[in-house]
Amino acid sequence: MDRIFRHSTRIFALMVIALAVAIFAGLLHAAMPAVKQFGFRFITGRTWDPVEQNFGALPFLFGTIVSSALALLIATPVGLGVAIFLNELAPRRVRAPLAFVIDLLAAIPSVVYGLWGIFTLVPFMREHPSGWLARHLGWIPLFRGPSYGVGMLTGGVILAIMILPTISSISREVLSAVPNTQREGALALGSTRWEMVRHAVLPYAKSGIFGAVVLGLGRALGETMAVTMVIGNRPEISASLLAPSYTMASVLANEFAEATTDLYVSALVEIGLLLFVVTILVNIGARLMVRKVKQA
Amino acid sequence: MNVAVDVTQMLPPRVIPRALMRRKLIDRGMRTLAGCAIGLAMVPLVSVLWKLLALGLPGLRPGFFTSLPVPVGESGGGMGNAFVGTLIVVAIGSAIGIPIGVFAGIYLAEFGRGPLARWVRFMADVLSGVPSIAVGMFAYTVVVMPIGHFSALSGGVALSVLMIPVVTRTTEEMLKLVPNTLREAALALGAPRWRATLSIVLPTALPGVLAGIMLAIARVAGETAPLLFTAFGDPHWFAGVTKPVAALPMQIFVYASSPYDEWHQQAWTGALVLVLLIVVMQLAVRLYARSRLR
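So the protein sequences, as listed, match chains H and P. So the first sequence is residues 286 to 581, counted in the working numbering. So the second sequence is residues 138 to 431, counted in the working numbering.
For the record, the hints were derived by calculation from the structure and aren't laboratory data. Keep in mind the model is a prediction, meaning the values are calculated, not measured. Just so you know, not all the hints are guaranteed correct.
Under the rule of at most 25 Å between Cα atoms (straight-line distance), these lysine-lysine pairs were calculated in the PhoX-like manner [what the hints assert, rightly or not]:
hint, chain 1, residue 1, chain 2, residue 2
1, H, Lys577, P, Lys313
2, H, Lys579, H, Lys491
3, H, Lys491, H, Lys577
4, H, Lys579, P, Lys313
Selected chain P positions facing chain H (Cβ under 8 Å, derived; list incomplete) [to be verified]:
hint, residue
5, Ile163
6, Ala362
7, Ala393
8, Ser394
9, Ile415
Computed footprint of chain H on chain P, listed as stretches where at least three residues anywhere in the stretch have a Cβ under 8 Å from a Cβ of chain H [what the hints assert, rightly or not]:
hint, stretch
10, 177-183
11, 217-230
12, 297-311
13, 320-333
14, 364-370
15, 377-384
16, 398-412
No residue lacks a Cβ here, since even glycine has one placed at the ideal position from N, Cα and C.
Full structure from sequences and hints, please.
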C-alpha cells in the first residue's frame with residue numbers, strides 16, 4: 286500500500302515534467318511547417334503578409350524587445366526604490382500595509398489594465414508625455430512623428446506598471462535575506478541610512494536584485510492583453526517610440542483564432558515557440574541569480 | 138530690564154562639518170526619492186480603482202448577471218453568460234489542476250529527495266514562467282485540433298496548466314512546515330506512511346494548501362490570453378463542455394476594443410466585477426492565513 290501511494294504521487298510529479306516537455310514538443314511539432322518553409326528567414330524577414338503567405342517575424346521581435354526594454358527602464362528604478370523604502374526606510378508599522386497595496390497591482394488582471402489603458406492612459410499619453418516629446422523633441426528620430434497615444438512608449442509604460450510588483454516583491458525578498466549584521470556594522474561605523482543601503486545592503490543583494498529585474502523581463506516579454514490594447518498593432522519597425530508597434534504576444538492574440546491556412550497557423554505557432562523558449566531561458570537565469578543570494 | 142540671557146550665545150558656535158552636511162543631505166534626498174517611488178507606484182493603482190468604481194458601478198445591476206449581451210443600440214443586456222462561463226472554465230481548470238498540483242506537492246514534500254524531485258521543482262518553476270498565451274496555444278494543439286472546434290474543456294485545460302505549478306509549489310512548502318514529530322508520532326502508532334500523510338500531515342497543512350489553491354484560482358480567473366483560442370467566446374448561455382463558452386475577461390476585451398459607448402460601459406462593469414472577485418478571494422486568503430497563524 287505504501288509503495289502504491291508513493292508511486293502514485295510520483296506519477297503526478299512526473300506529470301509536471303511531462304507537461305513542460307509536452308508544451309515544448311507540441312509547439313515545436315505544430316511550428317515545423319513554418320520552420321521548414323522559411324528557416325532562418327523567419328527571424329530576419331520584415332514582411333508579414335498572410336495573403337501572400339509570406340511570413341517574417343522581425344517586426345514582432347523588435348516590438349517585444351523594445352517595449353520590454355522600455356518597461357525595465359521605467360520599472361527598475363521605481364521598483365527598487367519601492368523595495369528599499371519598504372524594507373529599509375519606512376516605519377515598521379506601515380511596511381506590511383504598503384506592501385499589500387503594492388502587491389494589489391499584481392492582482393489586477395491584464396485585460397483590466399488594457400481597458401484602463403485604452404480610456405485613461407492612451408488619452409493622457411497623447412496629450413502630455415508623448416505629445417510633449419513630439420512637440421519639443423520631435424527633431425530626434427526617437428520621438429519623430431505625430432503622437433497618437435497608442436504606440437511603443439505607451440506599451441512600455443503599461444508593461445512597466447505590470448512588472449513593477451514583480452520587481453519590487455522579489456527585490457524585497459532578496460533584501461530581507463541580507464543579514465542584519467551587515468546593516469548594524471554599517472550603522473555602527475557612523476553611516477547614514479542611505480549609506481548603509483548603498484554600501485552594506487545593495488552590494489550584498491546585487492545579483493538577487495538583478496535576478497528580480499530579469500524575472501520582471503520574463504513577465505514583460507510574455508505579457509499579452511494590456512500591450513495588445515495600447516501598442517497600436519502595426520507590424521512596422523520604426524525608430525520612433527511614438528509610432529505604433531506590434532509584439533509577438535499581441536500578434537498571437539489578434540490573429541491566431543482567425544488564421545485560415547495551415548502555413549499561417551504554423552507561422553504563428555513558431556512565434557509562440559520563440560516566445561516560450563526565450564521567456565524560459567530568461568526565467569531560469571533569473572531564478573538562479575535569486576537563489577544565489579537567498580542561499581548565501 | 139531684561140535679565141534673560143540667551144545661553145546658547147555663550148556656547149562656542151556649533152560647526153557642522155561640510156562633509157557631514159553633504160552626507161546628511163544625500164541621505165535625505167535618497168529617502169525622499171524612495172518615498173516618491175512608492176507614491177509613483179500608487180498612481181496607476183489609485184487611478185485604475187477609481188475609474189473602475191466611477192465608470193463600472195453605474196452598470197452594476199442584477200440584470201448584469203442574469204441577461205445575455207444584446208446587440209448595439211438595444212438597451213439593457215449583461216454579461217450573465219460570460220460570468221457563468223468564467224465560473225465553468227475555472228471549475229474545469231481546478232478539477233484538472235488541483236489534484237495534479239496537490240499530489241505532485243505531496244511527492245515533493247514527503248518523498249522529494251534525489252534528482253527526480255529536483256527536476257520536478259525546476260520544471261514547476263519553468264512552467265510558472267511560461268507566457269499564458271503560449272499555454273493557450275498548447276491547449277489549442279492538444280485539445281482543440283483533435284476535437285475540431287473550440288470548447289470550454291480546452292479553456293479549462295489551458296487554465297489547469299497555469300494552476301499546476303502554483304499549487305505544486307505551495308503545497309510542498311506548506312507540507313514542509315508540518316513538524317516532523319507529527320509524522321513520527323503517526324508512524325509510531327503504527328500508521329502506514331500513506332495514512333500518516335493523508336490523515337495527519339495533509340489535514341494539518343490544509344489551511345496553507347487551500348490558500349495556495351485559492352491564490353492559483355484568483356490568478357487564472359482573470360486570464361484572457363489562454364482562452365482566446367480555446368474557450369473562444371460565445372454569445373449564448375453555456376451549452377456543454379465541448380461547446381465554445383464566453384468568459385468575463387474575454388468579453389471585457391471584446392467590448393473594450395469596440396467603438397460603442399454602451400459596450401464600453403459594460404466592459405467597465407465587467408472589469409469591476411472581475412477585480413472584485415479576485416481581490417475578495419485574495420483578501421479572504423490573507424485574512425484566513427493570518428487568523429490561522431495566531
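Quick rundown of the hints versus the structure:
| no. | hint | in the structure |
| --- | --- | --- |
| 1 | Lys577(H) to Lys313(P) | 21 Å, holds |
| 2 | Lys579(H) to Lys491(H) | 11 Å, holds |
| 3 | Lys491(H) to Lys577(H) | 10 Å, holds |
| 4 | Lys579(H) to Lys313(P) | 18 Å, holds |
| 5 | Ile163 | 6 Å, holds |
| 6 | Ala362 | 4 Å, holds |
| 7 | Ala393 | 4 Å, holds |
| 8 | Ser394 | 7 Å, holds |
| 9 | Ile415 | 6 Å, holds |
| 10 | 177-183 | holds (count 5) |
| 11 | 217-230 | violated (count 0) |
| 12 | 297-311 | holds (count 4) |
| 13 | 320-333 | holds (count 3) |
| 14 | 364-370 | holds (count 3) |
| 15 | 377-384 | violated (count 0) |
| 16 | 398-412 | holds (count 6) |
When the structure is compared with the earlier hints, violations turn up for hints 11, 15 and for no others.
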